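Throw the hints in and build the complete structure from the sequences for me.
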Amino acid sequence: METTLLTVNNVWMMICTGLVFLMHLGFSLLEIGLTRQKNTVNILFKNVFIISIGIILYTVIGFNLMYPGSFIGGVLPDYFIDLFGLSLPENGLGPEYADGGYTYWTDFLFQAMFAATAATIVSGAVAERVKLGSFMIFTIIYVGIIYPIAGSWKWGAGWLDELGFYDFAGSTIVHSVGGWAALIAVWLLGARLGKFKKDGSVGAIPGHNLPFVTAGVFLLWLGWFGFNGGSVLSAEPGATSLVLVTTSIAAASGGLAAFVTSLMKYKQYDLSMFLNGILGGLVGITAGADMMSITDAIVIGAIAGVIIVLGVALLDKLKLDDPVGAIPVHLLCGIWGTLAVGIFGDLAGVGQFLNQLIGVAAVGVFCLISAFIILKVLKSTIGLRVSEEEEREGLDIHEHGMDAYPDFRTNEH
Amino acid sequence: METTLLTVNNVWMMICTGLVFLMHLGFSLLEIGLTRQKNTVNILFKNVFIISIGIILYTVIGFNLMYPGSFIGGVLPDYFIDLFGLSLPENGLGPEYADGGYTYWTDFLFQAMFAATAATIVSGAVAERVKLGSFMIFTIIYVGIIYPIAGSWKWGAGWLDELGFYDFAGSTIVHSVGGWAALIAVWLLGARLGKFKKDGSVGAIPGHNLPFVTAGVFLLWLGWFGFNGGSVLSAEPGATSLVLVTTSIAAASGGLAAFVTSLMKYKQYDLSMFLNGILGGLVGITAGADMMSITDAIVIGAIAGVIIVLGVALLDKLKLDDPVGAIPVHLLCGIWGTLAVGIFGDLAGVGQFLNQLIGVAAVGVFCLISAFIILKVLKSTIGLRVSEEEEREGLDIHEHGMDAYPDFRTNEH
Amino acid sequence: METTLLTVNNVWMMICTGLVFLMHLGFSLLEIGLTRQKNTVNILFKNVFIISIGIILYTVIGFNLMYPGSFIGGVLPDYFIDLFGLSLPENGLGPEYADGGYTYWTDFLFQAMFAATAATIVSGAVAERVKLGSFMIFTIIYVGIIYPIAGSWKWGAGWLDELGFYDFAGSTIVHSVGGWAALIAVWLLGARLGKFKKDGSVGAIPGHNLPFVTAGVFLLWLGWFGFNGGSVLSAEPGATSLVLVTTSIAAASGGLAAFVTSLMKYKQYDLSMFLNGILGGLVGITAGADMMSITDAIVIGAIAGVIIVLGVALLDKLKLDDPVGAIPVHLLCGIWGTLAVGIFGDLAGVGQFLNQLIGVAAVGVFCLISAFIILKVLKSTIGLRVSEEEEREGLDIHEHGMDAYPDFRTNEH
Amino acid sequence: MKKIEAIIRKSKFNEVKEALHDIEVNFFSYWDVTGVGNEKQGHVYRGISYSTSDIQRRYLSIVVSDPFLDRTVEAICKSAYTGNVGDGKIFVSEVIETYRIRTKEKGPDSLK
Amino acid sequence: MKKIEAIIRKSKFNEVKEALHDIEVNFFSYWDVTGVGNEKQGHVYRGISYSTSDIQRRYLSIVVSDPFLDRTVEAICKSAYTGNVGDGKIFVSEVIETYRIRTKEKGPDSLK
Amino acid sequence: MKKIEAIIRKSKFNEVKEALHDIEVNFFSYWDVTGVGNEKQGHVYRGISYSTSDIQRRYLSIVVSDPFLDRTVEAICKSAYTGNVGDGKIFVSEVIETYRIRTKEKGPDSLK
Ligand SMILES: Nc1ncnc2c1ncn2[C@@H]1O[C@H](COP(=O)(O)OP(=O)(O)O)[C@@H](O)[C@H]1O
Ligand SMILES: Nc1ncnc2c1ncn2[C@@H]1O[C@H](COP(=O)(O)OP(=O)(O)O)[C@@H](O)[C@H]1O
Ligand SMILES: Nc1ncnc2c1ncn2[C@@H]1O[C@H](COP(=O)(O)OP(=O)(O)O)[C@@H](O)[C@H]1O
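Residue numbers (this note's numbering), protein chains in the order written: chain A, 14 to 426; chain B, 14 to 426; chain C, 14 to 426; chain D, 26 to 137; chain E, 26 to 137; chain F, 26 to 137.
Please keep in mind that the hints were generated in silico from the structure rather than gathered at the bench.
Hints are supplied without guarantee of correctness; some may be wrong.
As the list claims (entries may be wrong) - Calculated lysine to any residue pairs in the SDA-like style (CA-CA distance at most 20 Å, straight line):
#1 K27(D) <-> I48(D)
#2 K129(D) <-> R96(F)
#3 K65(F) <-> K332(B)
#4 K65(F) <-> K103(D)
#5 K137(E) <-> D79(D)
#6 K35(D) <-> D79(D)
#7 K129(F) <-> F93(E)
#8 K42(F) <-> A44(E)
#9 K211(B) <-> A44(D)
#10 K103(E) <-> F93(E)
#11 K210(A) <-> F93(E)
#12 K131(D) <-> P92(D)
#13 K28(F) <-> Y75(F)
#14 K129(D) <-> E40(F)
#15 K332(B) <-> Y75(F)
#16 K27(E) <-> K42(D)
#17 K137(D) <-> H68(F)
#18 K42(D) <-> V215(B)
#19 K103(F) <-> A204(C)
#20 K208(A) <-> G67(D)
#21 K392(C) <-> I382(C)
#22 K129(E) <-> A44(D)
#23 K65(E) <-> K210(A)
#24 K280(A) <-> K35(D)
#25 K210(C) <-> K28(F)
#26 K210(A) <-> S400(A)
#27 K210(C) <-> K392(C)
#28 K129(F) <-> K137(E)
#29 K210(A) <-> K137(D)
#30 K131(E) <-> A44(E)
#31 K211(C) <-> K129(F)
#32 K208(B) <-> K42(F)
#33 K103(D) <-> I121(D)
What the hints assert, rightly or not - Residues of chain D placed beyond 12 Å of chain F at every Cβ, according to the derived structure:
#34 K27
#35 N63
#36 T107
#37 E119
Every value quoted in this text rests on a predicted model; they were computed, and no experiment measured them.
Using N, Cα and C, we set each Cβ at its ideal position, and we do this for glycine too.
Spelled out as structure tokens, the structure:
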């Protein structure tokens, strides 16, 4: 009996692992679609690198770092007990492990797919101007060390967990962690040439392939079935199916809200906003997907959608250049979703809200500082940004000696 | 024990839900691929809108409308008992609900994904000339009200169900419902400029991206694993696996038949026909996927493939302009598949055939009338069709102020 | 109880079937992406044809041919007992069948999806110059007869199986079978015009769409979850999850190794090599995915990655023109993976290594000879290669009268 | 012989093409260019609305023998006309010699 | 009137465009061409490194009335200059007649 | 100096390019155009077979100093020839002045 249930749970978790993996394709398509064709190869290279190195890093150190069992002073994971590599524990494949929700291997792989996400978020924000080498170094440190430490505070049964901070699938632990770094990176990098004109006006730099953007968002939505559905950590019918429902509803209402808001604000049916709104809704519901009622989900998603539209405009005002909208989607909506757990749903309450605030703040400070240090050092050594000529002519030809679409006649922007 | 089986069943149903969701990406790629690049953003916008609003509408009213429990005069669903919103019933998450096939939430989401399909079918047929606003209104009414009512007749245990009409996964209840509306819409809208020349000749308007078309069809085929496989409403091994087999075989033979027919008819290896043939086979098997033998599946698929090729030619003769072949695929093959249940497989027989006929006719009349009313009203008020100039220059730039591929040099057609 | 476990196992196997199906989309995108746009429709047509005919052929004869139960002289499958068509055996849907791992129908469909792969591998290698008709004939014979016979030796409990040859998911039985034929085909066909210049230099013929290549590889990676995960032939938690982990890790390290090697060798961040390296890692781990430790997986993948880079260079030296790198990926890494089972992991040992060698050799000889005969006959009758004019202007316009991207301005190469 | 270069609206191309055929001008080449001029076009992208004067246009290059010149210019002017800013321009210049590669014909004959 | 054809680096286009606007040359057409010349560009594809002299460039076609000629050429020369091989070329030729389709204006007026 | 515009089959481009290099014409620009002429091409789409006279061609623009004119025309005529309808055309026109942006050279020197 028990083993049968374990088998079911494990099947579900493996599927969710596959779906989260698929999100990396979704992100890749989203990011290239919202940028210019002359940088496509570069962005794809970054994304393929992130998932590959991410898995290896998580194998070598990340997994143990994130689930250390014990802590030093409750904050620093005690990674002195076998930090490196994976070692199958007693009963790691039996019903005793993780209440029979999945095997040790599934556990690892599911978490590994999550880990890479943090860097992918940054990759989109710094697109079209970041130096490939510097970004790769940043990725290694951030995915290999920073993300697992932050994660351990909550999912590693660390102090935030003890505090009562709640983050179901990672609005803060995953999305904000990426979002904060994106914010720092965008600020240290500066905007793309032509984004903010001398005359103070804001230039539009249209993405080169909207079908890819749309396909990317559809795949991300589907991937979120695994991202949130898998965070139940078993196939428990009630919980998993509720999570899928709240997730889909929040996505839908997020998209609709963003579309309506941008229609009223700009008198245009803006597809890119609609799509970003869907992502906003997904990130927003992630922190409390298992705690919300249908109505809560609609409201949380809708507010996330509005945040997206206003957030994009805000960034332009602040002269921060985020080509794919990673900051509104992952940072702003990540924060919103985390706080929403204190406002809506089963956990709603002042105490919870404060815990959520603490969690957001703690993770924020930690990520801001570490991202700042890493990127600042890189900037003042090998440099963060490509030459102006390279940016003009495109990173593909300069860093890769390759065109993404050699058979097509292209326009330059 | 029971709960374990429920867990398995529910896992399978959630996967199928995800696969049906993926079909919406498949449809999007298919539709943009078979049309011109200047209308790409517009078509994507429609598809993203359809799935988003579809889920919300189904939450607010559709689900209750379709499964009303009781009927007024056996025809009109008695939607006076809590019509609006979702409310988890007693045991909605336990083995008692739906014979332990899935939870209430899974039930809802799976059906919600189906609902949006009906409008997507129409979206393809009216592409490149329909007014965005009018189409959105149509979608809301059709998906929100018409589809659920028609569906309730069969799947809501309505009169067609009592009659003995059989439609396993929706050749009629889903595909024809979309197909009939597509037929009306195409007729009221009129053909695209340049499709039917003054000299009576038929103009070809090649789709702009065949790789997208192919990817779309592959995704739809995969999605059908969920569409038909999920319609078993449990993970019962024998039934689900048989359904997957008949579905795949019908798809394959549909494609091959269409390819051979068009090769003989036009002396060309026509990829677009091959792909449409696959879809024809899929729609054709949908009504009886669980009732057919392997040989039946091959035959049903093959005939569907032939129907596609002849159907496309027929529409051109009738001067009906259906850019993506939605009518041959979803209407003609939908009808064929429904009738086939009376000809092949376990239910074959005169009585059954007549029941199938009644079902096809009843749903047809209902959809034709309601679609006609909705569209006629829209036409005589805000109008259905964009201006000639807008059609010439493309809906993307006029309705969205956006290009789908701003970095590429394009040809105009 | 038992039936519940069967249900779980069957659900997993059906999902894996779907994932393997998805690989055909992955291959399609990979192949068109690495070739020129003027041959896109042709390549897509071949891929759609392969999966369609593959399923039908496997229904009609392949399945029985591959799992004959008995052998003539232990080598030739005894296909005189009901060779044609599928017939559900006693208990074919019950726990008795295949130790309750899946139903007869799932069994068939899962294997059918594998079968088509062999031809897909060849399709990539002969792209841009092969005659469509000849290729279709080749596919029918190779997928319909050669692949099942070779497969039966191992998976049909044939002599290789008795010998102790091990090939978990088909490094040899699937990938090499395709790879050997690709080698022969490339050799008999000759290189594309402009690939090898008169002056002895090697010309580069860049693929036309790197985003498609990347998407294809992501989908293939995901598909491999089903390809290897499904080869456990049940949902046994420990085995399936281990397989997913080794598979993903080998893919990651294969990609990274190829990227680093090509960076050192060519001083370039070559995306196409990175992606090919991932595929190499996947093929490499396939033969022993269930036998390897984490470290083994990293090493096997890494070596596969290096093989890719050197293999591509080697082919250029040998003046063999393989546009998509099918031979390095599927043949070389297929051989490597098979031998690796004798070097690493639970089975490692001299005896095993020799058995692996015998398996590789036996299958190699068989495939080389049969592929040679089929292709030689085709060449000396209807011919294998299109006319020079057709190759210059593209197969799309000549064989299909269609452009893949009619709305885009294209460059010719 | 004269070379007539016409820059027109893409949406007017079919009409122009027909008009040319009506006056037996059946040989020409065309491609798409971006035009900078008086016309402006409004765009919106992610909340930034901008107007660009870079508009895609179709560029026709027609080489005709002198007697054809006037009627060709006239035909284009008529068929490409909308009256709104952005209708485009026509430029005429001298061509010294022309060849038809297939037949080695020179001069006016090569344009027939 | 004169037709000025300039073949420049794509990456220099914006500067050239601004330079033209500064001297009130607000009408022109441009498109992308492949240029063959002295400049070479290195590529790598799947381990084959090759250098090509076929480089994408931007082709500007500007018709101006004679008084505008010199300053236009000068403006382009200045703004397109980098000093490296591949800066491009400018060609000047005679235009006999010009028309503005919208207004039927002829000659210099049609260029204002 | 003269400007030679040649409209050729895409499939003949490489031969033409080599032929030009053989006679030391190493500078030119080219792009793809759609040609309307005698040649027709058959297409089929979803059961509708249609033939179009709009065929993609390659457009070469070569500016040479006068002594180069004849051999260049000749080289193109030879290398682009197939004898079938659709081989294309060559047009020659006068160029008043040319500049090399990089060196400010004028006239024939700028073409070397
Ligand atoms: N002097 C010129 N040289 C080259 N192209 C020109 C010139 N003047 C106009 N054009 C082309 O003609 C197009 C239409 O001109 P525009 O000024 O927009 O409208 P109108 O001609 O009605 O004033 C421009 O987009 C540009 O492509
Ligand atoms: N005679 C010519 N005819 C047409 N285009 C030319 C000619 N000479 C040069 N070009 C164009 O100018 C571009 C730059 O010329 P190139 O020789 O590379 O640099 P530079 O002019 O600095 O020597 C070439 O790529 C080509 O497009
Ligand atoms: N008068 C012309 N002006 C511009 N382009 C022309 C002209 N005549 C022919 N062409 C170009 O030459 C191409 C080949 O001409 P076509 O008539 O098809 O073959 P042929 O020259 O062998 O008769 C045409 O497609 C067109 O692009």
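Practice problem: Could you grab the alpha-carbon distance between K129(D) and E40(F) and see if it respects the 20 Å cut-off? | Solution: Distance of about 18 Å is within 20 Å: holds.
Self-check item: Agreement of K35(D) and D79(D) with the hint, judged by alpha carbon distance not exceeding 20 Å
Solution: 14 Å, holds
Exercise. Could you grab the alpha-carbon distance between K103(D) and I121(D) and see if it respects the 20 Å cut-off?
Key: Status violated; Cα separation ~28 Å.
Self-check item: Proposed proximity, G67(D) with K208(A) (alpha carbon, max 20 Å)
Solution: 18 Å, holds
Quiz item: Do the alpha carbons of K65(E) and K210(A) lie within 20 Å of each other, as the hint requires?
Solution: With Cα atoms ~33 Å apart, K65(E) and K210(A) exceed 20 Å; violated.
Quiz item: When you check the alpha-carbon spacing of K42(F) and A44(E), does it fall within 20 Å?
Solution: With a Cα-Cα distance of about 34 Å, the restraint between K42(F) and A44(E) is violated, given a limit of 20 Å.
Exercise. Starting from K131(E), check that the Cα of A44(E) is at most 20 Å away, please.
Key: 27 Å, violated
Practice problem: Take the C-alpha atoms of K27(E) and K42(D), compute the straight-line distance between them, and say whether it is at most 20 Å. | Solution: 27 Å, violated
Exercise. Could you let me know if the closest chain F CB is still more than 12 Å away from the CB of T107(D)?
Key: Its Cβ never comes within 12 Å of chain F, the nearest being 23 Å, so this holds.
Exercise. Starting from K137(E), check that the Cα of D79(D) is at most 20 Å away, please.
Key: 18 Å, holds
Quiz item: Holds or violated: are the alpha carbons of K103(F) and A204(C) at most 20 Å from each other?
Solution: 27 Å, violated
Quiz item: Does the structure keep K27(D) and I48(D) at a Cα separation of 20 Å or less?
Solution: The hint holds at about 16 Å.
The structure fails hints 3, 4, 8, 11, 13, 16, 17, 19, 23, 24, 25, 27, 28, 29, 30, 31, 32, 33, 34 and 37 (numbered hints given earlier, in ascending order).
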